[in-house]
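Q: Chains as they are written, first to last, in our numbering: chain A, 30 to 443; chain B, 317 to 612.
Be aware that a few hints might be false.
[Said to hold, decoys possible] Okay, derived cross-link-like pairs now, EDC-like style, lysine to aspartate or glutamate, Cα gap no bigger than 20 Å in a straight line:
(1) A:K304 / A:D374
(2) A:K230 / A:D266
(3) B:K380 / A:E183
(4) A:K166 / B:D374
(5) A:K304 / A:E210
(6) A:K234 / A:E210
(7) A:K191 / B:E444
(8) B:K376 / A:E210
(9) A:K311 / A:E148
(10) A:K230 / A:E284
(11) A:K166 / B:E365
(12) A:K311 / A:E284
(13) A:K229 / A:E175
(14) A:K166 / B:E359
(15) A:K96 / A:E130
(16) A:K304 / A:D372
(17) A:K234 / A:E130
(18) A:K191 / B:E359
(19) B:K376 / A:E284
(20) A:K230 / A:E140
(21) A:K191 / A:E130
(22) B:K380 / A:D187
(23) A:K230 / A:E210
For the record, the hints were derived by calculation from the structure and aren't laboratory data.
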Amino acid sequence: MGDIAIHTANLSKRYRLGPQEPYLALRDVLAKCVKAPFRLFSSGRPRQPRAAADFIWALNDVCLEVKHGEIVGIIGRNGTGKSTLLKVLTRITQPTSGYAEVWGRVGSLLEVGTGFHPELTGRENIYLSGSILGMTKAEITRRFGEIVAFAGVERFLDTPTKHYSSGMYMRLAFAVAAHLEPDVLLVDEVLAVGDLEFQKKCLGKMESVSQTGRTVLFVSHQMNQIRRLCSQVVWMDAGGIRKVGPTAAVVGAYEAAMTSGHANEPRAAAASDAKARFVRWKIEGSSNENPHLLTSLGPVTVTFTLQVNRPLRMGNHGGALYNYENQLIWARAASNLELGVGDHDLSYNFPMLPLRPGIYSWHVSMYDEHGLVDVWFCSPEMTVSTENHQHPSDRWNGILNMPCQFRVNGTRPI
Amino acid sequence: MTSATTKLKAVNAGERTTPLETLLHLRTLIVPQHSGSRLNWAELWAYRELLYFFVWRDLKVRYKQTAIGVGWAVIQPLFTMAIFALVFGRLAKMPSDGLPYPVFYYTALLPWTYFAGALTHATNSVVEHQSMVTKVYFPRVLLPVSAVLSGLADFALAFSVLIGLVLVYGIVPTAAILLWPLFLLLAVATALAVSLWLSALNALYRDVRYAVPFLVQLWLFASPVAYPAALVPPDWRWLYGLNPMAGVIDGFRWSLTGHGQSPGLLVLASTVAVICLLVGGLMYFQRVEGTMADRV
């Protein structure tokens with residue numbers, strides 16, 4: 030048992046569904062108390078337990094063993110229990126049944142900037158946030174210089190963080206968390222935020238943490254991060270573990286399932302009688318290794334493959350692009366499509382796709398004369414990693430990453 | 317160059333890694349809530365620094381972007397005292413244990429303002445820090461505790477005004493003042509006990525937030541702030557004392573000025589009530605704590 034860092038046995042967590050979930054209103058409880066005695070008289074039956082359908086098992090019998098010093102990636106679609114697993118292991122919330130054991134000091138990073146107070150200065154926030162994340166005052170003082178240097182905010186240490194640009198804020202917040210020294214570190218998808226430059230810095234930090242013999246559990250949607258960092262991967266599906274093993278094998282299986290759409294349970298169920306369904310998407314001309322990585326501003330062709338099982342008449346198709354904050358970036362529609370049985374490539378040719386580096390998701394739909402045929406939030410997401418043409422300061426970085434020539438009075442471009 | 321520094325860093329950090337033998341002792345067991353679970357005092361002790369940081373942050377942030385700043389800590393009890401002295405004293409001619417009205421009311425308003433402020437502040441403490449509660453683990457009980465403790469800073473400022481009042485009215489404290497720290501402790505315990513209940517309840521039922529201002533208002537008149545506790549018939553004092561603030565306020569007046577009745581059944585009843593409330597509050601908070609992050 031000596032080299033085990035995390036061990037879970039039948040770990041399960043149940044949430045109640047429905048509008049009452051966020052918090053109860055006292056009147057509901059009072060009403061129940063008032064009704065309950067009458068219920069006793071009105072029917073001889075004992076009180077019925079709530080229907081099973083009102084509950085969801087966010088974690089279902091998870092049995093997991095992580096060895097000391099391993100970096101384990103957790104992958105899976107949204108809502109399959111990845112974050113819940115981290116929340117239970119960090120003791121943010123209790124499991125409903127089963128148990129888990131963690132050996133060593135536990136640190137967690139589920140969000141960048143936990144405990145930051147906008148009114149406090151950078152210096153004060155380093156102490157506050159560090160302490161909330163589990164560092165002692167002495168530890169923070171010892172690593173203070175490193176934290177400040179990593180964040181690059183020396184000049185603004187005594188400025189309230191509410192005056193920081195979002196980039197500076199993010200860097201400082203991550204710097205504090207990155208200098209935690211737990212034996213077991215649990216990280217949620219925090220690296221998805223910030224620009225690519227920042228993400229690279231964070232990944233580098235994670236790598237160096239991994240070399241010091243700490244155990245890291247790391248949730249991510251970005252397979253390139255998982256491949257780079259993790260030796261073992263856990264693939265979660267519907268609250269349980271679908272596959273565990275060495276990174277290459279599990280990520281490979283996961284990606285194969287994603288591209289063929291098998292991992293999406295409702296899609297798979299609907300497949301038998303669906304007239305047509307989207308099966309994959311890719312960026313034309315991209316590398317085979319990652320057909321969802323955009324490295325040039327343009328021209329760009331994005332292709333969605335629609336598998337048609339029965340002929341479609343008067344088809345209406347919509348395509349939309351969302352950024353990570355679910356903001357609509359762009360959309361268009363095409364109507365009166367006649368599509369025969371077979372695979373069809375629906376291509377979008379953009380002379381230029383000037384997007385700020387980050388994670389984006391495509392959303393495609395197909396309707397016919399009878400209504401909806403298929404919608405798909407394309408997975409995996411699109412990673413944009415192009416040269417940055419924006420303002421050097423983060424706070425002036427907009428949605429577009431557009432190259433532009435600037436002149437004064439028509440002279441040479443500056 | 318870069319890889320060399322990384323390696324060096326890695327080696328240095330590696331030396332600091334806790335040896336496995338130590339790790340085996342640091343074992344966290346994560347289990348579902350069961351009825352036998354108790355407050356983990358050792359853990360609370362380990363988190364004492366965080367408590368300090370919470371209190372420190374509260375104090376730092378409290379009067380940011382206000383024009384009068386810490387002046388508010390004094391203005392509130394002082395103005396309330398003036399109004400009480402006018403309305404209940406001059407107009408209603410309330411008996412005052414032989415004390416000048418300003419001193420009579422201020423000695424009561426001092427603990428009362430602290431109690432009311434701590435209650436309002438602490439009730440919201442868990443909900444207010446929702447983002448923290450759902451993203452990182454720490455004993456949640458630190459939130460109401462820090463809110464109750466940080467209120468003591470305002471209390472200290474308001475207390476300095478009392479010293480001025482006592483000098484102006486030429487009141488000489490008696491030996492009773494030696495017992496005053498006990499009444500202060502009782503005040504803090506009362507604020508904490510009620511806050512534990514209310515902050516846990518507020519995390520589950522948001523109604524509590526609306527009920528608290530109303531509760532505070534009613535409680536003010538159920539406590540001997542505007543009138544002396546001596547108005548309550550002696551046979552009923554023990555019952556009256558079940559309101560812990562009655563014991564606190566009566567004790568404050570008596571210990572600080574030497575006037576009024578010495579603490580008897582009333583204070584005893586208050587102390588018992590506080591202990592019950594506090595133990596119950598800790599147990600209830602502990603019960604709710606485990607799933608607070610899901611419900612808040």
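Q: Now tell me, hint by hint, if it's right for this structure.
A: Verification of the supplied hints:
1. A:K304 / A:D374: Holds, at roughly 16 Å.
2. A:K230 / A:D266: violated, 30 Å
3. B:K380 / A:E183: Violated, at about 23 Å.
4. A:K166 / B:D374: holds, 17 Å
5. A:K304 / A:E210: This hinted pair is violated, its Cα atoms lying about 54 Å apart.
6. A:K234 / A:E210: holds, 12 Å
7. A:K191 / B:E444: holds, 18 Å
8. B:K376 / A:E210: The given pair, whose Cα atoms are some 28 Å apart, is violated under the 20 Å limit.
9. A:K311 / A:E148: violated, 45 Å
10. A:K230 / A:E284: At roughly 26 Å apart (the allowed maximum being 20 Å), E284 of chain A and K230 of chain A break the hint.
11. A:K166 / B:E365: holds, 7 Å
12. A:K311 / A:E284: holds, 13 Å
13. A:K229 / A:E175: holds, 18 Å
14. A:K166 / B:E359: Roughly 17 Å separates the two Cα atoms, so the pair holds.
15. A:K96 / A:E130: Cα-Cα ~12 Å, so holds.
16. A:K304 / A:D372: holds, 12 Å
17. A:K234 / A:E130: violated, 27 Å
18. A:K191 / B:E359: Given that 20 Å is the threshold and the Cα spacing comes to 33 Å, the pair is violated.
19. B:K376 / A:E284: violated, 50 Å
20. A:K230 / A:E140: holds, 17 Å
21. A:K191 / A:E130: Outside the cut-off at roughly 39 Å; violated.
22. B:K380 / A:D187: holds, 15 Å
23. A:K230 / A:E210: Within the cut-off at roughly 18 Å; holds.
Checked against the numbered hints above, the structure breaks hints 2, 3, 5, 8, 9, 10, 17, 18, 19, 21 and satisfies the rest.
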